[in-house]
Every structure is written in structure tokens, then in C-alpha cells.
Amino acid sequence: MEMDKPVGTNVLDTVRNGWVGKPLDRVDGPLKVTGGAKYAYEVMQGPATAYGAVVQASIGKGTIRSIDTRAAERAPGVVLVLTYLNVPVQGQGNHRQAHPVLTGPQVAYNGEPVAIVVAETFEQAQAAAYMVRVSYGRLPGRHLLRANLSRARPPVVAATAQAPDSAVGNFEAAFAAAPVRLDEIYTTPPQSQAMMEPHATLALWSGDQLTLHTSNQMLSQGRLAVARTLKMPVDKVRLVSPYIGGGFGAKLWVGADAILAAIAARQLGRPVKVVLTRQQVFAVTTHRSETIQRVRLGTDRDGRILAIGHDSFSANLPSEQTYETAAMQTRTLYAGANRLTRHRLAPLDIPVASSMRAPGEAVGLLALESAMDELADRLGLDPIEVRLRNEPREDPERHVPYSSRHLVACLREGAQRFGWASRNPRPGQVQDGRWLVGMGVASATRGNGLQLSKATVRLDPDGVLTVRMAMTDIGTGTYTILTQIAAEMLGLPPGRVRIEIGDTAFPQAAGSGGSIGAGSSGSALFDACERLRAKLAASAGIDPGSAVFANGRIEGGGQSRALTDLVGRDGVEADGEIEPGENSKDFSQQSYGAHFAEVGVDADTGEIRLRRMLGVFTAGRILNAKTARSQAIGGMVFGIGAALEEALEMDGRSGLYVNHDLAEYHVAVHADVPEIDAIFLPELDNESNPLKSKGIGELGICGAGAAIANAVYNACGARVREFPITLDKLLSVLPSQA
Amino acid sequence: MRAFTYERATSVERAAALSAAPGAKFIAGGTNLLDLMKLQVETPTRLIDINRLPLDKIEDTPEGGLRIGATVRNSDLAADLRVRRRYGVLSRALLAGASAQLRNKATTGGNLLQRTRCGYFYDVTQPCNKREPGSGCSAMGGFNRMLAVLGASNQCIATHPSDMAVAMRALDARIEAVSAGGGRRSIPIDEFYRLPGATPNVETSLRRGEIITAVTLPPPPPGVQIYRKVRDRASYAFALVSVAVVVASSGGRIQSARLAFGGLGPKPWRVPRAEDALVGRDVSGKTFDGAADLVLAGAHGHGGNDFKIPLARRTLHNVLARATQT
Chain U
1 MEMDKPVGTN VLDTVRNGWV GKPLDRVDGP LKVTGGAKYA YEVMQGPATA
51 YGAVVQASIG KGTIRSIDTR AAERAPGVVL VLTYLNVPVQ GQGNHRQAHP
101 VLTGPQVAYN GEPVAIVVAE TFEQAQAAAY MVRVSYGRLP GRHLLRANLS
151 RARPPVVAAT AQAPDSAVGN FEAAFAAAPV RLDEIYTTPP QSQAMMEPHA
201 TLALWSGDQL TLHTSNQMLS QGRLAVARTL KMPVDKVRLV SPYIGGGFGA
251 KLWVGADAIL AAIAARQLGR PVKVVLTRQQ VFAVTTHRSE TIQRVRLGTD
301 RDGRILAIGH DSFSANLPSE QTYETAAMQT RTLYAGANRL TRHRLAPLDI
351 PVASSMRAPG EAVGLLALES AMDELADRLG LDPIEVRLRN EPREDPERHV
401 PYSSRHLVAC LREGAQRFGW ASRNPRPGQV QDGRWLVGMG VASATRGNGL
451 QLSKATVRLD PDGVLTVRMA MTDIGTGTYT ILTQIAAEML GLPPGRVRIE
501 IGDTAFPQAA GSGGSIGAGS SGSALFDACE RLRAKLAASA GIDPGSAVFA
551 NGRIEGGGQS RALTDLVGRD GVEADGEIEP GENSKDFSQQ SYGAHFAEVG
601 VDADTGEIRL RRMLGVFTAG RILNAKTARS QAIGGMVFGI GAALEEALEM
651 DGRSGLYVNH DLAEYHVAVH ADVPEIDAIF LPELDNESNP LKSKGIGELG
701 ICGAGAAIAN AVYNACGARV REFPITLDKL LSVLPSQA
Chain R
1 MRAFTYERAT SVERAAALSA APGAKFIAGG TNLLDLMKLQ VETPTRLIDI
51 NRLPLDKIED TPEGGLRIGA TVRNSDLAAD LRVRRRYGVL SRALLAGASA
101 QLRNKATTGG NLLQRTRCGY FYDVTQPCNK REPGSGCSAM GGFNRMLAVL
151 GASNQCIATH PSDMAVAMRA LDARIEAVSA GGGRRSIPID EFYRLPGATP
201 NVETSLRRGE IITAVTLPPP PPGVQIYRKV RDRASYAFAL VSVAVVVASS
251 GGRIQSARLA FGGLGPKPWR VPRAEDALVG RDVSGKTFDG AADLVLAGAH
301 GHGGNDFKIP LARRTLHNVL ARATQT
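Protein sequence lines, in the order shown, are assigned to chains U and R.
Heads up, the first sequence stops at 738 in our numbering, and the numbers go up one at a time, no gaps.
Heads up, the second sequence stops at 326 in our numbering, and the numbers go up one at a time, no gaps.
For the record, the hints were derived by calculation from the structure and aren't laboratory data.
Any given hint could be a false lead.
As the list claims (entries may be wrong) - Derived list of chain U stretches under chain R, where covered just means 3 residues or more per stretch with a C-beta under 8 Å from a C-beta of chain R: (1) 299-313; (2) 645-653.
Unchecked claim - Here are some of the chain U residues that sit facing chain R, going by a computed Cβ distance under 8 Å: (3) Tyr130; (4) Asp604; (5) Asn659.
To be verified - Where chain U lies over chain R, by a calculated footprint (3+ residues, C-beta under 8 Å): (6) 56-67; (7) 129-135; (8) 219-233; (9) 264-274.
Here a beta-carbon is modelled for each residue, glycine too, at the ideal position from N, C-alpha and C.
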């Protein structure tokens, strides 16, 4: 099935089994809370497996002069030490395409793996890893974006990718002539995905066949990268990842753990496990680049945008062209005839920068939605009103219609529920004890996508429907929503649906990333279920158009048959597939929402604490009300971190992320998270996919931090444009003490 | 983790004797030591487990104070009714520290001896005079947001991370130590901690072969007790600045005051001159600011932590205002 035309009424609009949308508990929940769900590192415990420990470079840039592994090799339990001197030649590519390790004496960034020590136990490997002595020739490194802006260039991207720059009308002239102008610079620091489960892989070879039990979000592309790196045929590589303890983008690509484990396992002829320590995760895996963003808004006196400009600088290794797409959503969120967006990428000697939850929007909206708040202040208008006045009729750059867009409804509904009318627009006026209290609002938007996915469904004589696809569940609820879709389509109770995912032995699927997982995998399953319905209807001699599937039976034309009677001894199977089509070109597709936040700022110390928060979203059909709400709230919690806490602290001298553990890299903890609610307004998107759903995995973070930042301004009058907003940045504006 | 021997001490004297060996370390809660061992910041060859020693009691002293055993868990100490009623500043300081899980494991003696959280100290690839004397201080000119503005030296600007010890400093606690021969010492908490000077690796006045057995608190001083911790998030974060005060006031005048600070220096910080200056003074913002001037005289930042100076001033002002409210 290709998305080339509107979906129209389909079976999901007419079936009445009631599973899709229901707040069903996670079907994998009991397994997870009882320890029955095995994560990559938990497979094959015991002496058959050898354990690897990574040794990292301790300089920011340079070369390895010598590497002394003798002590490590003699250490108890050690079976192998790999360095650039004894690894096989590997295939090259950027971090999306390949992940060659220990490729030579060059050190590209602080924390880069320079060796791996493999031993009988993890503890032996760790102890010996500290015995590897590396002598370096240091070169001056460039580690900070702000010091290297002049070196930034337009990133080089494929012709099929979105261009880094866009221009409509004449931005500069319109901005210069605008009666009201805002021109501000916002910065966001490097951030780490900080998922619960560190990266881990168990590598097993059977002849020339490699199986990697690994924690990876997108298995089908990961398999390609492994094959390319290890120079082997794709069909000889299998990735298995049924349970993943969070990823948030850090596990989109195959990493050092997987390739090191594979190489070591091949050399040793035995299974090898490699897990990164928490401290190693920060540099050995990807992070979100810091950004420096300039936002320019020119409006008429009524607040209608005449010119909108957004320039974003981010950084990556010289060998990488992946950039933070912070200005992308500025192309589509608000109206305005004259527009300019530009992305520039500075080559730095830093760990690989890549995707973190809502790449682009998460930090781009911190800037743009702060700027909209500043604009409202300058105009003397309510921040919601400014947004309403700039609601576009069509996508203002692509000049195509929106597939569905209910931003205005989200803003209005949220304002009403949150009590926005009681907000005092003058900052610093509301006090509750020692707290200065303020409210803020921001829009949420996140692009919706679709990726090729396939699924196989099979109904067996025991009445169990088995779904197979190389999809993943990174904690989002994939198992559950796939169960619901299959149960709905075939009229089976969820207990009769078995979901088998997380294995490249199954049909190719999108995986979990970019908020495309549910729509893509769910649509492939939808298609497979439709085909299975047709087969079953044919067997029953019932017109598929009028067949009703419910309670394990098919009914129609006066007949009623048990499905188990129609599958014979061998069961019945059907394949489904979804592909993106013209709809992605003909329509501008995004999920939308509005965030409302209330914060308190301690009048004496400047400590900022969120008091309450509401997100109102529209994202097409909601497949599971409970997991969707959890996803939205999880994103909003990320927004707390982005606004107030999260920053990787780069030492500009050595290229070291100094705060590389979870005690010092601050994400929001429970005590930072007060009453948060998230609601979804009804919506169906007729162009997105046959489920009429849109992505929700990242929507919650988009704009969330800006609503908090705007609330901080409203509370105390400090407009901090350098994120995160920590208390030291407020001290100068706090009221003097009596 | 490197190989080490493990033995369980059967008596206090035996534990002290065992600890005299090179490479020996006590382990109680292990909440800091195990982390440091995994990172090879600490590399003991011999661990002496003191968890089963009879050091887990909180007892009344004849003087009307409390004697807190070295292995009393932080959560138990915070919840003790005598502590809550008479030493509220200590209970609150304990509850402001770490997380519930860590407080359940962490002990009184271990809390006193915890190491700095300076990121460079935690990374053995980085120069650090505290970890490796003579290698240099990476924090000067590096990331030093959390580090000291008072009491630092040109060798080290680390802070002591404890909350508990700040309250104990305000309460004039004494540290009891026993040596292998059975000799006992009672060390005022002020003398227990040493300033970094040229030897930032030496943090306390404990001698090799000595074990902390208890912390004694004299009877509580009169007045209102407050512990105020200012931090970057609501829980599980070390203090940017913390203030422990015990202040008595009457009729708009301050009668006595003790002020101890965390997050500012390499040890829980007190400035007797600032306390003396408060006594007999009017309760007023001017008085509070005068005390802050004396506390912070000589304070200097290293860039990333400059803000601690005005933050400490504002926090002290607020705490004194609350403590003297009528």
C-alpha cells in the first residue's frame, strides 16, 4: 500500500470491536516488571560468553604514539586485547551508514574507543582495561561551537533530503521595513539522551552468520550498517532486539558496542558481550549538538508576521554532515510572506552529534517559541493571540495544504483548561509566599513521517494470531498498539494476539525513531490484516465488503463462522506493506499541540520549580489513550530538563564532557515533576496513513521547554536566552532583599 | 574493578589494626567508595567491612547531647525522634542529601568521609592534585560551577559535598576515633577537616589505623534551627550553596547565632567573626548583610562558580530573616 491518495473511510472507521484507542495496559508490562523480558546484556549469562571493556582516548585530538597492552594481556582472565594494530579492515561511511572502530592511530575526539579488552568476566575486563597504557601526540583541538562559528558551512546533504536553506520572498528587505522587529540569539547546550539502559551487545557467530543481540531502535538499517562495516553480505547479519530500555535517538545507529563485540567474537570463536559503562555512554555514543540560533521576526503593528528568519548553527565531527535541524519547523509553523531559514555546521573535535528526541524541533522551538513570547511582550499582545494572528491557511513555504492542523484548537482548549485568563501579563507581579509565580505558553509541532514497513500475520488453528515484523519497542508501547490493531481488525481478544518483533529475521520495518514507528508499523500490520480478512472471507464464502469480524468469528450474508474453522491444519498467512507516496509531497504533515506551564521562582535564590503543566495535542487517531498520554508526558518531562537542567559541560581545553554521569548530568528527577497532564483532542488525518494517525513520540518535548522558559519570564522578568535556565542566570534580576 | 581482599571486622580495635595496612579501607554503606573503585579513583587492596560492628546506636549522653554511632544509617538518623525534636537542622540536612535509596545505605562515618564530586577528580584520565598529587588542577580554568569560593588553594578548589556535616558543624559536633591500640580521640569537627593547602589529597586529621566510632553532639544550642539547601534541581543534586543556622533572637535582637555553609569550601564552613557580629544586633536586613560580608570576605570565584558569592549572600539573608521571624 502506498500513500498516494486520501485514505477515505476504511475498516478502522467501521469496525466496532473497541480495541484501537482503548487505554489498554502494556501487554509486555508483566514481563518487564517480573524480569521476564530479557534485554540484550541479559542473554547468555555465564562462562561460555566473554566480556569486553572499552578503553577510551583521553585527549581531545591527536594520534596514538604507542599503545602498550602487555600488562592488560597478562592480567587475570584476559583473552584478547584489540587495538587499531590488530583489528580487521572495516567498511567506511558516516555514522548512519557504518561504524568502523579502532581504525587507526588518529584520535578524533576525547572519549573515542582506542582499545577493547576481553576477559572471562566483566570485572576482569574492566580491571585490565585500566592497564592499557596509551601515549599520545596531542594536537590542538576545536571543541566549542561559539569559538568556531566562522568555520561553519552549509552542511552537504543528499539531493533528496531537505535543503539546509530556504527562502521565500525577500526576507531582509521585509524585516528591515517591518514596524516591529525582534532579533535575538538563543543558545542550547550539548545534550545527552540519557536513556536508562546503556548500549549493550552480545555477538554470536555461527560459521559466517552473525547474530547480534543488541539494544537498537532501528534494526533494518542497523543490519545494513553492520554488513557494510564488517564487509559481509546483509543476509548473513541478524539483529535481535526484542526489549530496549529507552533510546531517544542514542540507539538509532549501530554503535561501537556492536562492532567491537562482533569483531572480538569472531577472533575468539566464542560469544562476546560488550556493554558501555554509564560514564562511557556520554562520549562513545551520539549526543545532540549544541546550537546557536538567531531568530528574527518582523511584524506589522497588529502582530502579523511580515518577515520570519531563523539561522541555526550546530556542530559535528569533520567527517559528519548530520546537523541539528533547528530551523526546519520555522518553515511551516507560522504565516508570513517573507521567510529565510539557514543551517550551518561547524566541524569540531567532539563525539558524534546526531538525533536526540525530536531532533530539530526540540531545540528549535526553544528559540522560536521564546521569540514569539518576546514578540507578544513587545506588541503588548497575549502570546496566544499573536499565534492565532499568524495561523497560516496553507504551508507558507511549500504552498501545499496541511493534512490536518488544529493548533488553534489546542491553544484555545488548553487556555481554557489551564486558567490562562488569570495570567498577569506583566512579569514579576504574582507572588505565593517566597515564590514568584508565572505562566507560559508555547506551540508544539513535530513533522509526521512514514517509512517502508512490512508485516506478516498468521492465524493458526489454535486461534492465535501471530504478527511478525522487524519493528522495535523502545518502551513506547509498540507491542501494545500492534496487539490492539490486530485484535480490532480480526475481532480477536488481545490475549489471542502474539506480537513477535525485534528481529531482522522478520519482515523489514521502520523501527522506532522520528515518531514514525507506530504509523509505519501499524499501517503495515493494518494492510496485512486486511489481506488476511479477505482470505478468511473468501474461505467462508462471505463478501469481504460486508464481513464483520468479531468475537473470533466472521459474520455476513446470514452466515457466521468461527475463524478457527477457516484456517485448516496449517493456518492462514498474509503479508502487508506500507510505503510513503505522493501524500508526503502533496501535504504538509505535522502533529500539533500547545503547552501551558506554571513555574515558581524563589525570590531569594532564583531556584526554578515547575508547579503544574498541561499539554493539549492533536496527532490523528490515538491508538492507545494510555501509552499516548505517557509518551506525551514523558516528552514534557524532557522539556523540563531542556529548559532548566540539561547540559553536557564541555571542557574547551581537552574536549572532555566533564559531567559524564547521571549525578552531574541533570535530567528531571521525580521531585522536579509536579502535576502534569496531557490530553489529545479528537482528530483523524486522512493523508498520513491508513490508521489516520500521526507521530506522538516526540511531540511532547516540542515547545515544552519554551513554555517553561516563558513562564520563568512571566514569573520574574528575566528573559534567559542561554539554555538551560539555571538560577545563576536569574540572580541579577531578583528583587532586592528587605 | 581491581582485585581486593575483603574481611569483616570483629571488633573496633581489630578494625583499626587492620586498617593500618597499606591499601586498606573501611567499607560501610559503600555508596561513595564502590563508585570510586569502579572508576579506579580509589584502588584499595583490602576492604574491611565494619557493618557488623556495634556502632549502629544513637545514645543520649550524660551532658544532654547525643552520641551517634558511625554506622547509623543516614535515613535512621534523620528519622530519630530525638534528632527531629532537638536537632532539626541535622534531620533536615540529612533528608536534603542524596536519594532515599542512598540514605538507606549511607552511614554517619561514611558521610563525613565522602570525597568531592569534582568531575576531574572522578576521571582518572584528567590531572587532579587531590587524586594524584602534583598532576595539576583541571578545575581551575575548566568546569568549576560546583566548586569552592572559600578555603581553596592554588592546588585544589574542590568542595566537600556533605549536607550532614554542614549541620554537624553548626552543632559543634565532635568526631570520636579509636586507634589500633585502643586509644580514643575526640576531634572537633572543625579540626577534623583540613584545608587543601599544598596537600589536597589529605582531607582529614584522621591518622592511619584510626577508625571513626561515633559523632557526639553537645546539647542543642538555643534558637531556631534551619537547613536551607540551594540546588539545580529539586532532589538528587549537590548543594550550590547550603546554610545551616541555629539562631536565637528576642525582642528584635539576636542573642546567639551559628552559621555553617556547604557548597562554598573544601569543608563545612563557619566564620566565628560573622556569628559574633550578629550577637546583640537588631534583626534587620542590614544586620544580615553585615554577617554575609564577614562570611564572604576573601571569597573568590573561578569563573563558573562566581555566582555562588551573591547566591550565598542572598540565601543567608533569607535564612536569617526566617530564623528571626516573630
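Hint check results:
For the stretch 299-313 of chain U, the stated coverage by chain R is not satisfied: 0 residues place a CB nearer than 8 Å to a CB of that chain, which falls below the threshold of 3. For a cut-off of 8 Å, the count of residues in the stretch 645-653 of chain U with a CB near a CB of chain R stands at 4, and the three-residue condition holds. The beta carbon of Tyr130/U comes within 5 Å of a beta carbon in chain R, closer than 8 Å, and the hint placing it at the interface holds. Evaluation of the Asp604/U hint against chain R yields a held restraint, the C-beta minimum of about 4 Å falling below 8 Å.
Checking Asn659/U against chain R: minimum C-beta separation of about 5 Å stays under 8 Å; hint holds. Taking a C-beta to C-beta cut-off of 8 Å, the stretch 56-67 of chain R contributes 0 residues in contact with chain U, too few for the three needed, and the coverage statement is violated. A count of 0 residues in the stretch 129-135 of chain R with a Cβ less than 8 Å from any Cβ of chain U is obtained; the coverage claim is therefore unmet, three being the minimum. With 4 residues bearing a CB less than 8 Å from a CB of chain U, the stretch 219-233 of chain R meets the requirement of three and the coverage assertion stands.
Requiring three or more residues with a Cβ within less than 8 Å of a Cβ of chain U, the coverage given for the stretch 264-274 of chain R is violated, as only 0 such residues are present.
Violated hints, in rising order: 1, 6, 7 and 9; the structure is consistent with all others.
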